[in-house]
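For the record, the sequence lines run as chains A and B. Each residue of the first sequence is one higher than the one before, counting from 1 in the working numbering. Each residue of the second sequence is one higher than the one before, counting from 1 in the working numbering.
Watch out, some of these pointers could steer you wrong.
Stated by the list, open to error - Part of the chain B face toward chain A, derived, beta carbon under 8 Å:
| id | residue |
| --- | --- |
| 1 | N162 |
| 2 | D295 |
| 3 | K357 |
| 4 | I362 |
| 5 | G379 |
| 6 | Q380 |
| 7 | F382 |
| 8 | F383 |
These are calculated hints, taken from the structure and not from any lab test. The structure presented is a predicted model; accordingly, all values stated were derived computationally and were not measured. Just so you know, even glycine gets a beta-carbon here, dropped at the ideal spot from N, CA and C.
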Amino acid sequence: MASYNLDVYMPVLILMALACITVFGALFIGMFLRPSNPTELKQTPYECGEEPIGSAWSNFNVRFYVVALIFIIFDVESALMFPVASVFKKFVDLGMGGAVLGSFLLFIGILAGGIVYCWKKGDLDWVRSYQVSETVKKED
Amino acid sequence: MNSVVSYFSQTEGYQAIVKTLSELLGFDATSLVAFIVFGAVVTIVVTVLATIGGLGTYAERKISADLQMRQGPNRVGPFGILQFLADGVKMILKEDIVPRQADRFLFNISPLLCLLGVFASLAVVPFSSGFTLVNLNVGIIYLLGVASIVGIGIFLGGYSSNSKWSMLGGMRGASQIISYEIPVTLSILAAVVIVGGLSFGAATEAQGGLPHQWLIFHNPFTFIAFFVLFIGSLAEANRAPFDLPEAESELVSGYHTEFTGMKFAFFALAEYIEVFVLCGVASALFLGGYKVPFDLGTGAIFSEKLGLHPMLAKNIGQLLQLGAFFTKALLLYYVVIWIRWTLPRLRVDHLMVLCWKYLTPIALFNLVGVAVWMYAFDGQSFFALIAKMGAAAGGHH
């Protein structure tokens, strides 16, 4: 760990550059090969032959937003667990595994608590059915 | 921190070239030579992987034909094996149509984002102990990070088209990919706990060549973790039964409905390479990766028993390791295709229930199990414990 050579990140940059070259190169070469005669009808969004009504950029189901929120929480927590997980073995070898195990289990416990809370609240159900059940009760 | 450059730099010729160039140019040429070697090797890796991706489309059609008792493509080249090249030529000759109301900039870069994420993830795939592009010490986190760029590409592809089918596909794709990242990450964490490192090299070196030394058979929890990881990987790569973002029977073609020609081809290519990368990662973490039985991979045995030159013996060992890695990864690839043509597609609410109510709790439970196992048995594997117990029982008699 004395010296850290940033040369090791070179292939990452080369790979990303290569991806750009591949995509734009193929599209550029294709420019000379492919036909280009756009028409009004050809450039409408595909809706199985119907004329599209309005834009697709409209309000969207809020479920997707909730899923993204739950994901953020879990992803950050699991990202925070990586350092603990990677030193766990060393501490076990040193005979101090208990302390790390305790903190690890505490962390997993918080995650598990989070998922139980979401589950109880009904955020994990794709189709929330509480409104339906309330109306059914009123009819009874 | 070893990489393909550090493998080559063991030879005398490499050092001589660096020395000559340094004297010739008047500055330290180590980085320059490393850049050239990296450039050459990256080109080779990308070419090989693009061919595997192309052949993947061919294999997909051929295996599906096999499972359905059809012929499959058989016109272009022997057994139709050049079909993917013919498809490529066709794609590049197709007109590039951009919908009038689309967001042109995002529309053009979304295939690039998909390919960028997949190519960047190739940097840490451990093909063999020497022929890993670079064995980053944060390899596993790096891979999880760059693999998410693919999800952004898919969502932007669906969003920028301004078509209702694409929008639905893109939204589904985004929610599916981020949801399944949780069980995948937690399963990988289980492997990290046992290995005690974040690099793919360390993960593979912690295992052995024979199946009982693999991480999947380390203890009962890792056995389950492998399957959670595999199912999650299928969903992350949008493979059936989780191909809802492009469900052709409900969403026409999902997020790439509006894409034509090469742009569509890059989405397909990115998907097939990503499947290979995920299979490779699963085999590196749980199935022993490039490890060859009886330590043949180090090549030491060849120079000792056969009297070969040490570097030649090492190279033979590397070839064996490459063979082991590609065999495991391609077998998993076959299973992925096999699953696609066997299982029906999930419904979107079932998909979310499977992820959040089954896989995530199972993965959390596995993580607890693995951590407790590590603490209770000092990190020994199931088979090691049995062997120990057998020895102890034998000692009493």
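Hints versus structure:
Because the beta carbon of N162 of chain B sits about 5 Å from the nearest beta carbon in chain A, less than 8 Å, this interface hint is met. Residue-level restraint check for D295 of chain B is violated (minimum Cβ-Cβ distance to chain A is 22 Å; threshold 8 Å). A hinted interface residue such as K357 of chain B counts as satisfied when its beta carbon comes closer than 8 Å to some beta carbon of chain A; here the least separation is about 6 Å, so the hint holds. Interface restraint check for I362 of chain B: the shortest CB-CB distance to chain A comes to about 11 Å, outside 8 Å, so the restraint is violated.
Annotation: G379 of chain B was flagged as interfacial toward chain A, and the flag holds, the nearest CB pair being 6 Å apart, inside 8 Å. Checking Q380 of chain B against chain A: minimum C-beta separation of about 11 Å lies over 8 Å; hint violated. With its C-beta approaching chain A no nearer than about 17 Å, F382 of chain B sits outside the 8 Å limit, and its interface hint is violated. Nearest Cβ of chain A to the Cβ of F383 of chain B: about 18 Å, over the 8 Å cut. The hint is violated.
Of the numbered hints stated above, those contradicted by the structure are hints 2, 4, 6, 7 and 8, listed in ascending order.
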